[in-house]
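Visitor: Take a look at the letters that make up each chain.
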Amino acid sequence: MKRYDCLRLLAGDIPEDALAVMGVGLVSREWHSLRPHEANLYQLNLGCCTPVAAGLAVALPQRRVIALDGDGNLLLNLASLADVANSNPSNLVIFVFDNENYESGGGLPTVTVSGRVDLALAARGLGFKNSVLVRTVEEFAAEARAALKRGELSLVVAKVELGTVASLPALHQDGKETKYRFARYIERTEGKRILIPQDRPRASKPWLKEG
Amino acid sequence: MKLEAAQAVIDGLKRSGINFISLMPDSDFAQVQHLVARDPEFTYFPVSNEAIGVGVCSGAWLGGKWPALVIPTSGLLVATWPLTCLCMAWGFPLLLLIPYRGDIGEGLWFMGPYKDTTEPILSDLHIPYRNVSRIDEISPAISEAQVSTQSWLRPVAILLSGETIQ
Numbered sequence: 001m002k003r004y005d006c007l008r009l010l011a012g013d014i015p016e017d018a019l020a021v022m023g024v025g026l027v028s029r030e031w032h033s034l035r036p037h038e039a040n041l042y043q044l045n046l047g048c049c050t051p052v053a054a055g056l057a058v059a060l061p062q063r064r065v066i067a068l069d070g071d072g073n074l075l076l077n078l079a080s081l082a083d084v085a086n087s088n089p090s091n092l093v094i095f096v097f098d099n100e101n102y103e104s105g106g107g108l109p110t111v112t113v114s115g116r117v118d119l120a121l122a123a124r125g126l127g128f129k130n131s132v133l134v135r136t137v138e139e140f141a142a143e144a145r146a147a148l149k150r151g152e153l154s155l156v157v158a159k160v161e162l163g164t165v166a167s168l169p170a171l172h173q174d175g176k177e178t179k180y181r182f183a184r185y186i187e188r189t190e191g192k193r194i195l196i197p198q199d200r201p202r203a204s205k206p207w208l209k210e211g
Numbered sequence: 001m002k003l004e005a006a007q008a009v010i011d012g013l014k015r016s017g018i019n020f021i022s023l024m025p026d027s028d029f030a031q032v033q034h035l036v037a038r039d040p041e042f043t044y045f046p047v048s049n050e051a052i053g054v055g056v057c058s059g060a061w062l063g064g065k066w067p068a069l070v071i072p073t074s075g076l077l078v079a080t081w082p083l084t085c086l087c088m089a090w091g092f093p094l095l096l097l098i099p100y101r102g103d104i105g106e107g108l109w110f111m112g113p114y115k116d117t118t119e120p121i122l123s124d125l126h127i128p129y130r131n132v133s134r135i136d137e138i139s140p141a142i143s144e145a146q147v148s149t150q151s152w153l154r155p156v157a158i159l160l161s162g163e164t165i166q
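Sequence lines, in order, name chains A and P.
Quick note on numbering: our numbering labels position 163 of the first sequence as 163, and the sequence is numbered without any gaps.
Quick note on numbering: our numbering labels position 10 of the second sequence as 10, and the sequence is numbered without any gaps.
FYI, nobody ran anything at the bench for these hints, they're computed from the structure.
Yeah, the Cβ is synthetic: ideal placement off N, Cα and C, and Gly gets one too.
Keep in mind that the hints are not guaranteed to be accurate.
[To be verified] Restraint ranges, calculated between C-beta atoms of paired labels, are given here:
#, chain 1, residue 1, chain 2, residue 2, range
1, P, Gly17, A, Asn86, 22 to 30 Å
2, A, Leu121, P, Arg38, 32 to 40 Å
3, A, Leu195, P, Pro113, 44 to 52 Å
4, P, Thr117, A, Val113, 29 to 37 Å
5, A, Asp13, P, Trp109, 36 to 44 Å
6, P, Pro25, A, Lys192, 47 to 55 Å
7, A, Thr136, P, Pro25, 40 to 48 Å
8, P, Pro113, A, Leu108, 26 to 34 Å
9, A, Leu78, P, Asp116, 27 to 35 Å
10, P, Arg130, A, Pro36, 38 to 46 Å
11, A, Gly163, P, Asp39, 49 to 57 Å
12, A, Leu108, P, Asp11, 46 to 54 Å
13, P, Pro25, A, Arg116, 13 to 21 Å
[Claimed, not checked] Some chain P residues close to chain A (C-beta under 10 Å, calculated; not the full set):
#, residue
14, Ala30
15, Gln31
16, Thr43
17, Ala51
18, Gly64
19, Lys65
20, Cys85
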């Protein structure tokens with residue numbers, strides 16, 4: 001199973017206004033090529049993807065939030081799954097693309113290559129009621145759709161091959177630009193002020209008269 | 001921490017508009033944690049380590065919340081990775097509240113190293129900070145730090161010491 005094929009299915013299944021948070025590496029470039037959107041947060045570094053997605057999901061409980069995490073990225077902070085399960089945001093689905101490798105980080109294997117480490121089982125032990133492992137595109141399609149429809153916190157671990165598609169476009173966007181685009185998108189769609197929220201940046205300026 | 005100091009922290013958070021708090025349990029902030037956990041004005045997201053808290057707060061801010069991260073002195077060391085790869089690299093704001101264990105007057109030997117790490121790490125991470133040692137300074141310091149972190153789009157820290165954590 002190729003990650004790109006899973007992402008292509010997912011891009012067609014999520015609501016137009018779904019918020020997508022993803023890890024650093026090829027998954028960000030692949031998702032950007034399939035679903036370029038202001039609602040994407042690309043290239044979250046190791047250990048950060050799922051926590052950021054969880055904070056977003058709790059802050060915006062009416063919006064669908066998906067995390068596109070990886071085995072190496074998630075393993076750096078596996079305890080985050082326990083904290084997310086404890087918080088239990090019903091609008092969050094976490095997809096973990098497990099290629100058993102730090103593919104973008106030099107090609108060495110992660111611990112899941114041994115076959116003894118099962119991230120879906122770990123998630124169940126850490127409090128996820130809905131957590132499955134899939135190995136085929138058909139299984140992924142069925143479980144992803146079920147998770148998106150369920151309305152409960154869910155996690156899908158997809159065992160995927162190494163590699164990506166030919167001629168994958170580069171992502172010419174840094175975190176600061178992504179932040180500004182995303183924040184302005186949330187402001188527009190949620191009617192909130194996020195960037196520079198104060199009308200008057202100091203609490204009081206007694207020498208300034210009102211009116 | 002005396003209840004008076006804990007209530008001053010809560011007062012400062014509310015006056016600043018903070019409505020999302022991630023917190024790592026810590027003896028110095030136990031009173032604050034209990035007050036936050038049962039206060040419906042705060043969305044409360046407890047975490048198992050401080051690095052997770054930085055990520056959760058960054059996501060919450062992008063969703064329109066005004067977050068604060070309340071962590072032990074040692075937790076600053078744990079949080080350095082996402083403070084760097086998220087807050088520095090992306091320019092995320094974050095109000096950090098940290099009890100300054102290891103400041104002069106500290107009596108526990110194993111808190112001593114934090115005198116060597118806390119302020120240098122904040123400086124290395126380009127996180128402006130203020131030392132607050134009096135209870136009546138807590139609330140205004142939090143308000144001012146919140147104004148600055150939102151405007152500057154980088155974390156700002158309050159280090160609580162002296163009578164504020166006794």
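Visitor: Each of the hints needs a verdict: does it hold here or not?
Guide: How the hints compare with the structure:
| no. | hint | verdict |
| --- | --- | --- |
| 1 | P:Gly17 to A:Asn86: 22 to 30 Å | 26 Å, holds |
| 2 | A:Leu121 to P:Arg38: 32 to 40 Å | 34 Å, holds |
| 3 | A:Leu195 to P:Pro113: 44 to 52 Å | 38 Å, violated |
| 4 | P:Thr117 to A:Val113: 29 to 37 Å | 36 Å, holds |
| 5 | A:Asp13 to P:Trp109: 36 to 44 Å | 57 Å, violated |
| 6 | P:Pro25 to A:Lys192: 47 to 55 Å | 30 Å, violated |
| 7 | A:Thr136 to P:Pro25: 40 to 48 Å | 42 Å, holds |
| 8 | P:Pro113 to A:Leu108: 26 to 34 Å | 33 Å, holds |
| 9 | A:Leu78 to P:Asp116: 27 to 35 Å | 30 Å, holds |
| 10 | P:Arg130 to A:Pro36: 38 to 46 Å | 42 Å, holds |
| 11 | A:Gly163 to P:Asp39: 49 to 57 Å | 50 Å, holds |
| 12 | A:Leu108 to P:Asp11: 46 to 54 Å | 51 Å, holds |
| 13 | P:Pro25 to A:Arg116: 13 to 21 Å | 32 Å, violated |
| 14 | Ala30 | 19 Å, violated |
| 15 | Gln31 | 22 Å, violated |
| 16 | Thr43 | 6 Å, holds |
| 17 | Ala51 | 6 Å, holds |
| 18 | Gly64 | 4 Å, holds |
| 19 | Lys65 | 4 Å, holds |
| 20 | Cys85 | 4 Å, holds |
Going through the hint list in order, the structure does not satisfy hints 3, 5, 6, 13, 14 and 15.
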